[in-house]
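Peer 1: Chains as they are written, first to last, in our numbering: chain A, 1 to 432; chain B, 1 to 193.
Hints should not be assumed to be uniformly reliable.
What the hints assert, rightly or not - Partial chain B-side listing against chain A, Cβ under 7 Å, derived:
#, residue
1, Arg26
2, Asn53
3, Arg56
4, Gln84
5, His133
6, Leu134
7, Cys157
8, Pro174
9, Thr185
10, Lys189
11, Val191
12, Gly193
No lab work stands behind these hints: they were computed from the structure. Computed from a prediction, not measured in an experiment: that's the story for all the values here. We put the beta carbon where it would ideally sit given N, CA and C, even for glycine.
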Amino acid sequence: MSFPWARQYQPSNGLMRYFDEKLPLPRLVYNAVGAGYPVPRNLGYMWNFGVLAGFFLVVQIVTGIVLAMHYASNAQVAFASTEFIMRDVNWGWMMRYLHANGASFFFIVVYIHIFRGLFYSSYKAPREMIWLLGVVIFLLMMATAFMGYVLPWGQMSFWGAKVITGLFGAIPVVGEPIQVWLLGGYAPDNAALNRFFSLHFLLPFVIAGVVILHIWALHIPGSSNPTGVEVKSESDTVPFHPYYTAKDGFGLGVALLVFCLLTFFSPNLLGHPDNYIEANPLSTPALIVPEWYFYPFYAILRAFTADFFLVPAKLMGVLAMFASILVWFFLPWLDRSPVRSGHYRPLFRKFFWFGLIPCMALLFYLGGAHAEEPYIMLSQIATAYYFLHFLVILPIVSTIERPEPLPTSITAAVLGSDREAAKGEAAEPVAA
Amino acid sequence: MADTAATADTTLVHDNPSGPDGVRRRDFINVAAVSAAGVGGVAVLLPLISQMNPSRDVLADSSTELDVAAIAPGQAIKAVYRKQPLFVRRLTPAEIQQANAVPTGSLRDPQTLEERTKSGHTDLLVTMGVCTHLGCVPLGAAEGEAKGDYGGYFCPCHGSHYDTAGRIRKGPAPLNLEVPDYQFTSDTKIVVG
């Protein structure tokens, strides 16, 4: 589970020794995020985002439990109870703004975490399981965030719920009964609101469970690193604590600065004003869009306007939207290059920075735009490129490209040669 | 002793192949127990799944009576049927002509105006105000709203255009606006659902 040179937990006093014998929880923490977990010495700030994602999950759970103490999940009063939280509950405005912007930040750090994984091919053997669990976490996050957005029962809540459950109506034959079953009625109403609240409360704990599996799977091969070269000797690693607890702590400080800036100075920047209007089943807002973090997938959904190989346009959009995330499950096998890091893959790097990234940026923009030309056509082009990248470009590029020479080891990449490390260790012995 | 061999043998009575095909009693009990538990488990799933279906009060709320006498030609009203908008529209002769002039073969969801209205009342178009794409409320029922390229309804969410018979003509929606089950109870009254 760890490198042979990993430090072993030594209880520092009798009480901890007693505890460790009965329940080795201190040992588990020491091995997971303490000095007992050797980590590559060359991790950059891109490797902060896993810890940050974990932090924002905790923020969401804590603020969410507080909000649930004051919120009422009944369609008659849900909107009023949200306003009650904002106006009357002590610090209620802060809890709600932290929760709403915390969701955005959770997605920001997770998107960066995912794109870190895409650039450095963190999904490759022996880390496939970590990646697959990560995609599961992302899907659970999407479901949770969607249901959470319905709870204030504003116009966007209602119409978002209607459009998203309408996706299931696209399934041939069984679609409509499934939609009615999901909603507990013919349109979103009390039944739907109540079950969404129940599931919105449950799913974060499911996410926390899968996060534990994600970290467990990570600790078997250990963290990847910017060179993509595996750890070979002790000089390639440093203990997680204090080196990366400090580095993650610094990154967390920066992230919190930006988070507080947004939450306290522009808390509604990422929201939609329409959601401050109470849900009205008889009036559709001029533009129904989901929260910003769903834009790329919403753009893919709307890209299909004509029937496609006998599949109705609506079903095709739904299938493409789900496929755009499900394709990530196959990534470890679509990318056939033995080299991991994009730093040593000249051709892959070009397609990443000048293909995939602009394509995703465009989809992000288009998902929030009106459903009219030229946005529809641009969505179609971007959607086509998105799938082309993963299904055609990546497999071909990874086969034909000639990677640049890799450093012999992580130590060599950092210090120039492995011998430099030996010198450093002799001069400055590490405290045991 | 005569039964020494029998006591030394650790095989229990019910382990002995006793059936005609060498089936042991223990196998039978295992299969029966696991099957009973499995059937019981599946039986418990049914209520767990079914509780999510519409409750009695939602189902009880599922028919609407409307007086359509006051709707003038060219006008439409929005009503509520099953907590969803319902459009009732009195077509003008020009709109009827426009709808009849379209060859049905060219339509995505081929239907004539006759098929979408009640005989003797072809000027009264009753449809759900629910876009068949993803369920938004199309515009065009109220005064001054955009009616789309074909003079019927226009869904602003993803740009579906419906004609004067509520048929899909352009955009992502797969089907015509749904005509719900309804009956004329008198010349001016309808019951939907």
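Peer 1: Sort out which numbered hints this structure fails and list those numbers smallest first.
Peer 2: Those not satisfied are hints 1, 3, 9, 10, 11, 12.
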